[in-house]
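Trainee: For the record, the sequence lines run as chains A and B.
As numbered in the working numbering, residues 1 to 412 make up the first sequence, in order.
As numbered in the working numbering, residues 1001 to 1412 make up the second sequence, in order.
Take the hints with a grain of salt, since some may be wrong.
To be verified - Calculated lysine-lysine pairs in the DSS-like style (CA-CA distance at most 27 Å, straight line): (1) B:K1284 to A:K52; (2) A:K81 to A:K4; (3) A:K374 to A:K121; (4) B:K1275 to A:K83; (5) B:K1225 to A:K245; (6) A:K245 to B:K1245; (7) B:K1400 to A:K275; (8) A:K374 to A:K245; (9) A:K284 to B:K1225; (10) A:K284 to B:K1066; (11) B:K1245 to A:K284; (12) A:K411 to A:K81; (13) B:K1052 to A:K81; (14) A:K4 to A:K275; (15) A:K284 to A:K58; (16) B:K1052 to A:K275; (17) A:K411 to A:K83; (18) A:K374 to A:K221; (19) B:K1245 to A:K275; (20) A:K121 to A:K81; (21) B:K1083 to A:K284; (22) A:K284 to B:K1275; (23) A:K61 to A:K3; (24) A:K66 to A:K318; (25) B:K1280 to B:K1225.
To be verified - Which bits of chain A does chain B cover? Going by a derived footprint, with three or more residues having C-beta under 8 Å, they are: (26) 9-20; (27) 120-132; (28) 357-370.
To be verified - Derived, one-sided and incomplete: chain B residues facing chain A with beta-carbon distance under 10 Å: (29) L1169; (30) G1204; (31) Q1208; (32) K1280; (33) R1283; (34) T1287; (35) R1295; (36) V1397; (37) L1401.
These aren't lab readings, by the way, just hints derived from the structure by calculation.
Using N, Cα and C, we set each Cβ at its ideal position, and we do this for glycine too.
Protein chains: 2
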Amino acid sequence: MKKKNLIYGQSGGVTSVINASAYGAIVAALEEAEIENVYAGINGINGVLEEKLIDLTKETKDEIEKIPYTPGAIFGSCRKKLKTEEDFRRLFEVFEAHNIGYFLYNGGNDSMETVHRIALKAREYGYPLKAIGIPKTVDNDLMHTDHCPGYGSAAKYTAISILEATKDLIAMHGDSTQVFIMESMGRYAGWLAASAALAGLNGGTAPQIILLPEVPFDEEKFLSKVEETIVRDGYCSVVVAEALKDSSGNYISTEAYKDAFGNVQLGKIGIYIQKIVRQKLGRKVHTALPDYLQRSSRHIASLTDWREAIEVGAAAVKYAVKDGLSDVMVSIVRDNDYPYLKHYSPVELNGVASAVKYLPEEFIAENGFGVTEKFIEYARPLINGEAPVIYLRGIPVYAKLKRVFVEKKLKG
Amino acid sequence: MKKKNLIYGQSGGVTSVINASAYGAIVAALEEAEIENVYAGINGINGVLEEKLIDLTKETKDEIEKIPYTPGAIFGSCRKKLKTEEDFRRLFEVFEAHNIGYFLYNGGNDSMETVHRIALKAREYGYPLKAIGIPKTVDNDLMHTDHCPGYGSAAKYTAISILEATKDLIAMHGDSTQVFIMESMGRYAGWLAASAALAGLNGGTAPQIILLPEVPFDEEKFLSKVEETIVRDGYCSVVVAEALKDSSGNYISTEAYKDAFGNVQLGKIGIYIQKIVRQKLGRKVHTALPDYLQRSSRHIASLTDWREAIEVGAAAVKYAVKDGLSDVMVSIVRDNDYPYLKHYSPVELNGVASAVKYLPEEFIAENGFGVTEKFIEYARPLINGEAPVIYLRGIPVYAKLKRVFVEKKLKG
């Protein structure tokens, strides 16, 4: 049997460890006797459609070893949705032209939908393809996995950032700033905002208020809670999820427009919350919007998350080649909370694609302004340990790939 | 001769290493045979006025050793300005009641003004006081010192954050975000915004545009530069100083009101820049406002900065006790750029207080959108090395002081 080639691609918003998954997948594929060549699509599926594939067998081992130390998406990401029959036809033309037998796609909900559709089309077209989804999202909102690679690191950044900023607030509150607000990414689910509570793990000051998208925002109740907190503690530290909604289900965020996947782009809710606290309570407020910093902060990635990100990449190759699976995603199954134990398992993409896992009720504090101990137990192992960083001149060192392109075989 | 007591206080906006200076000063003072007791004023000068002093001889050595690992201002900071004769009378009453012979004050421009005034009043009142300023500011805008403790760490945070976020932007720009904007603190001077250029030290992608407060903002020129950059590179990463001004010298920032020192509170300029890029160029933009995160990020503090912060604290004790100086600030004198060498030296507070050191012309790129190689040579040693962090459960561990208050001896 003629050996087949593999394409790995990255899609959706990046995480600080998506390249760790790239590394896991690439190294496993390069070691795999069944695989001839290992390619990466530039900007995910867009690169495949445009035949922009780079040949990873041409990279030096030293640079490949630096890939998991590099934030961003080293091969470029995309927000492309495959919609037309023409798109699919073109995709499989490229697959055929380059003898592709394995397609690994690394992304979140929308990207899992893409892999699922490709797997279905392969069946329809009778094309022998093993298509596997590698999970990745700081939002932690994928179904049928205990958690998502990328979440632990963004959670660690979130918790440490609010811990440090709250120390600043505590220092200043005597005669200056009394309220600090930090906006959190996380899309429609509250997982990432909730992770701010991990700031309290060593007895430190966690934010006194977390505004979750799962809890309808009640301005009056919120302002009372802020005032009550200032009276009690002298200051109030707040984390607010970007997708905060009112009781009618409308986003409170001041900027809302749709991206290529039809998702609303959220953000700037922190500015809105600052305005009402300042205007209605007359308190001095500082507000941080970390934005991309929250999902790209490789310098403070979780060791647990980083290792798992590498491992899910490697597991995807095993599922495709050794187990002959397709149309599945690598999921993380938790075996024990503490000490933390887990294993990996394939789950059907059908149940994962485009669904959203919200923060369950048992993780939300009764008063709606925080999380439960159960959430802390769930989240704490995920931020454990510090992923190594290579520093030179005080600045992290990243992989610099040669990016040797595979010769195009098709027109257009 | 009866031994005297020492008061250490913190003032102004915090840095991630102001507690390293506290540690240096406290440990040096505790070791000093000439000093009886070592006190800290809670919330700087406010605590002294209110006789809220804590006795550091009552803390355990283990907790004192954790002080330099702790962000914020461990004794609380303040924005108090001594204005009235009544304030000064009260202050010296407290000094007298508690047998204070040494006063160390850790802060920026305004705080150095406070120390200077106290030193002058001591002379006027004939009170034997050694008053020493310990520099601290992420703004790096103090005169007569090569740089300020706190700057190197905030600069390291700024450079690493923009480096990581630009990796994110590069990953996304294919069919999504093309412009990333990060706002920088730094008050009226461009030192901190300029430090973003250090992201390029290892050949990585530094922001293509840095908007400095020393260069009047020309909207048309800026937008052309952004567009030209996107056409050339596909994306554009921008760092903007909070105090950006137009050609008439007006702040462009959308929120401007004065704090207790009469300083304008700046911020949200990033939102303004985002708006014009989006509206006038029609590009998809993401914006980060790190705010307090920029000056509190102890988890990524510079080792060079951290050590210097400790050392300036210790030097202050030496100046006061061994050298019998007063009305001076500890300054850092650079002896060599590379390899970096420096020593400490006392400078008269008169020349430091309330003055501002701006980014000199030789550090600003000719096109006004960045810095020169000379600036890089100046700034690079300051971010070198990574200050140690104690992690437990994935979260930093900070000092927890007992805070044993000194018995009050005065009324009110």
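Trainee: Taking each numbered hint in turn, which are not upheld by the structure, reported in ascending numerical order?
Mentor: 3, 4, 5, 6, 7, 9, 10, 13, 14, 15, 16, 27, 28, 31, 32, 33, 37
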